[in-house]
Amino acid sequence: MSPEHTGHRPAERAVTIHQPTPIAPSPAAPVVPVQPDGAPSVTSIVLPDGRVITGYAIDHNRPEPVAAKPLVSRTAVNIALGGIGFGAVCGGLVLLTTFITAVAALVQQLIILAAVIFGGFVAVQVLTTGRERGGTTVNIRKAVIKRNHFHS
72 MSPEHTGHRP
82 AERAVTIHQP
92 TPIAPSPAAP
102 VVPVQPDGAP
112 SVTSIVLPDG
122 RVITGYAIDH
132 NRPEPVAAKP
142 LVSRTAVNIA
152 LGGIGFGAVC
162 GGLVLLTTFI
172 TAVAALVQQL
182 IILAAVIFGG
192 FVAVQVLTTG
202 RERGGTTVNI
212 RKAVIKRNHF
222 HS
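Residue numbers (the working numbering): 72 to 223.
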């Protein structure tokens, strides 16, 4: 139950208000460079209470100077040069395909010519008679074969 319902009132408390105390700014600490220019610079700071803090100085990144852009990009120039080179090669490619077609037709004609000549040679050999070449003539007479015996 709350104190109001019981009839008792709590004792009033004394309220103390605290005001923040302003901090006096400390005097600027002297900066002492320690190393020469060749290495990263190390600095030491002497605090007002006499302590010395030593560390590397932080150099802020400076943006690179912006170079002037060329009027035409390098990509566009490379694409244009590639197109010119391709156009120059296309004529040679057309000539190359024409040459290959001509060589294929020549080979085909030579194969046909060889077949005609070889076939003609074989036909002449088969169709000529033996007299012209000085061969032997064999006359076959009427033969009678009786019971597996040959009678001439």
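Treat the hints with caution; some may be incorrect.
[Stated by the list, open to error] Estimated spans, in silico, between C-beta atoms of each pair:
1. P91 to I129: 29 to 39 Å
2. F157 to A185: 58 to 68 Å
3. E135 to H89: 51 to 61 Å
4. V165 to F192: 54 to 64 Å
5. V193 to G153: 57 to 67 Å
Just so you know, the hints here were simulated from the structure itself, not pulled from any lab data.
Keep in mind the model is a prediction, meaning the values are calculated, not measured.
We put the beta carbon where it would ideally sit given N, CA and C, even for glycine.
Now for the hints, and whether the structure bears them out:
1. As the Cβ distance of P91 to I129 is approximately 32 Å, the hint placing it in 29 to 39 Å holds.
2. Distance hint check: the CB atoms of F157 and A185 are about 41 Å apart, inconsistent with the given range 58 to 68 Å.
3. For the pair E135 and H89, the supplied restraint of 51 to 61 Å holds, since their beta-carbon distance comes to about 53 Å.
4. Remark: the range hint 54 to 64 Å for V165 to F192 is contradicted by a beta-carbon distance near 41 Å.
5. Under the hint 57 to 67 Å, the C-beta atoms of V193 and G153, about 58 Å apart, fit the expected range.
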